[in-house]
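Student: Below are the chains, spelled out letter by letter.
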Amino acid sequence: MSYTTFSRKHNNQMQEPMFFGQTVNVSRYDQQKYPIFEKLIEKQLSFFWRPEEVDVSKDRLDFQALPEHEKHIFLSNLKYQTLLDSVQGRSPNVALLPIVSIPELETWIETWAFSETIHSRSYTHIIRNVTQSPELIFDDIVSNDKISERADAVTTYYDDLINSVSLYNLYGEGKHEINGNTVVVNLFELKKKLYLAMMSVNILEAIRFYVSFACSFAFAEREVMEGNAKIIKLIARDEALHLSGTQHILNIMQEGKDDPEMAIVAAQCQDEAIAMFVEAAEQEKEWAEYLFKDGSMIGLNKHILCQYVEYITNARMTAIGLPAQFENNSNPIPWINSWLVSDNVQVAPQEAEISSYLVGQIDSQVDASDFGDFDL
Amino acid sequence: MSEKMPASITLAATGQCIEFKAGDQCALQCLETKKIPVSYQCREGYCGACRATLIAGNVHYNEEPLAFVREGEILLCCCKPNGAITINI
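For the protein sequence lines, the chains are E and C, in the order given. Heads up, the first sequence is in the working numbering, so the first residue is 7 and it goes up one at a time. Heads up, the second sequence is in the working numbering, so the first residue is 2 and it goes up one at a time.
These are calculated hints, taken from the structure and not from any lab test. Check before you lean on any hint, since a few could be wrong.
Cβ-Cβ distance ranges computed for the label pairs, FRET-style [what the hints assert, rightly or not]:
id, chain 1, residue 1, chain 2, residue 2, range
1, C, Glu33, E, Val190, 52 to 58 Å
2, E, Ser33, C, Pro38, 41 to 47 Å
3, E, Lys308, C, Ile56, 35 to 41 Å
4, E, Ser344, C, Glu20, 23 to 29 Å
5, C, Lys22, E, Gly378, 29 to 35 Å
6, C, Gly84, E, Leu103, 43 to 49 Å
7, E, Gln37, C, Pro38, 42 to 48 Å
8, E, Thr123, C, Thr54, 33 to 39 Å
9, C, Glu72, E, Asn335, 21 to 27 Å
10, C, Ala14, E, Arg66, 45 to 51 Å
11, E, Pro73, C, Gly84, 55 to 61 Å
12, E, Asp61, C, Asn83, 42 to 48 Å
Every residue gets a Cβ at the ideal spot worked out from N, C-alpha and C, and that includes glycine.
Whole structure, please, built from the sequences with the hints as guidance.
Tutor: Encoded structure:
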């Protein structure tokens, strides 16, 4: 078998599983197996924003006045965010588009990845503003050991899936001799890789990102680096939507109605998934240690950030049906909520960002009973 | 509008019963007026932070939530109780 971008074979897209069915041919949305993905697309489109809309000029002065250890916290956090969005801007497309088999999910993946590219562009907008040599910051993302450990953690599962899927699409299932090596391609194993990759994405968006958001907002709570925080607020709004998307995918997989094999995969991978969450939480705690190695900042220190890691990990695990692994169930930084509220993103109603303004406000459904009291 | 049972939210953990007033926009807001700590984020039904377990009664949604909601779960930020409900937060 080989991959085709437009299969000539007629199929009923309503009967295809989310992944590993017949690849999508016609992008049609008149019928939808999972309307939720269409709703997520609409919401994401209504959230559209551009980094240039946010004035970050005051941040330059703020940044210069920060003590050295806070500059380290700010820049390291920004580097981490840049890494995460570099990965997310491409990986959902590269990993998932070749195997997705329903159109609304395919388009959701593309919409999702596109919004991550806006995030990447906004980091450049921020970095250009705070420093005259952005290249030093960007280069360090690749060479800094601490950041590169993070990169390993967020890309391993993606890369494993991508490499295996390319073999599957080229050669199909079976035992293959490739460059003298024997490679076994097995669809069930591929589904496991997909499930774990999806878990890893969920961890990235639901935990890792939020740890970084906490740092960005902690500066703005003190009324410094507020332009940056406004941008991060827009990013956080998008991320909440993305993680809702991955939570839906994971939950649909676990239910097994979509693809019965996927439910078996989910059950078999349960322990590994739990271990992945716990490991990610530990990695984020180590990262907190690195951030605050030269000193804390008002409102946030290593200890508080670690508590937040545990709190958010518990919440994200229960959201996808996994048992919580930490004792701590209360949010140590409740002030973060006001930064994460969608309503607080300042917009005028006539602007495109208010999603409720875009969806039809008129109830267009009419049935016979509506004419009950109507006389001529 | 037909006559309805007065709406209220009972917290299973403490037994506290809170009246849901006509002016309350959603269950979350109702709990907040009584200073009950509830986690929330987006307040628009897509992040899922305010997920709670519905033990008794039923709710209706102002707008269909985008976050994943299992059977027996509700999102406090976008629902109103239909009559008396009991929840676990």
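Student: Against each hint, give a clear statement of whether it holds in the structure.
Tutor: Status of each hint after checking the structure:
At about 56 Å, the beta-carbon gap between glutamate 33 of chain C and valine 190 of chain E stays in the expected band of 52 to 58 Å. The hinted window of 41 to 47 Å between serine 33 of chain E and proline 38 of chain C holds, with their beta carbons roughly 45 Å apart. Judged by the Cβ atoms, the range 35 to 41 Å given for lysine 308 of chain E and isoleucine 56 of chain C holds: they are separated by roughly 39 Å. For the pair serine 344 of chain E and glutamate 20 of chain C, the supplied restraint of 23 to 29 Å holds, since their beta-carbon distance comes to about 26 Å.
The hinted range of 29 to 35 Å is satisfied by lysine 22 of chain C and glycine 378 of chain E, whose Cβ atoms lie roughly 32 Å apart. Between glycine 84 of chain C and leucine 103 of chain E the CB atoms are about 47 Å apart, so this pair conforms to the stated range of 43 to 49 Å. The beta-carbon spacing between glutamine 37 of chain E and proline 38 of chain C, approximately 44 Å, falls within the hinted interval of 42 to 48 Å. Distance hint for threonine 123 of chain E and threonine 54 of chain C: a CB-CB separation of about 38 Å, consistent with the stated range 33 to 39 Å.
A hinted range of 21 to 27 Å for the beta carbons of glutamate 72 of chain C and asparagine 335 of chain E is consistent with their spacing of about 23 Å. A C-beta distance of roughly 49 Å is found between alanine 14 of chain C and arginine 66 of chain E, which places it inside the suggested range of 45 to 51 Å. Range check, proline 73 of chain E to glycine 84 of chain C: about 57 Å between beta-carbon atoms, so the 55 to 61 Å window is met. Evaluation of the 42 to 48 Å hint for aspartate 61 of chain E and asparagine 83 of chain C yields a pass: the beta carbon distance comes to about 46 Å.
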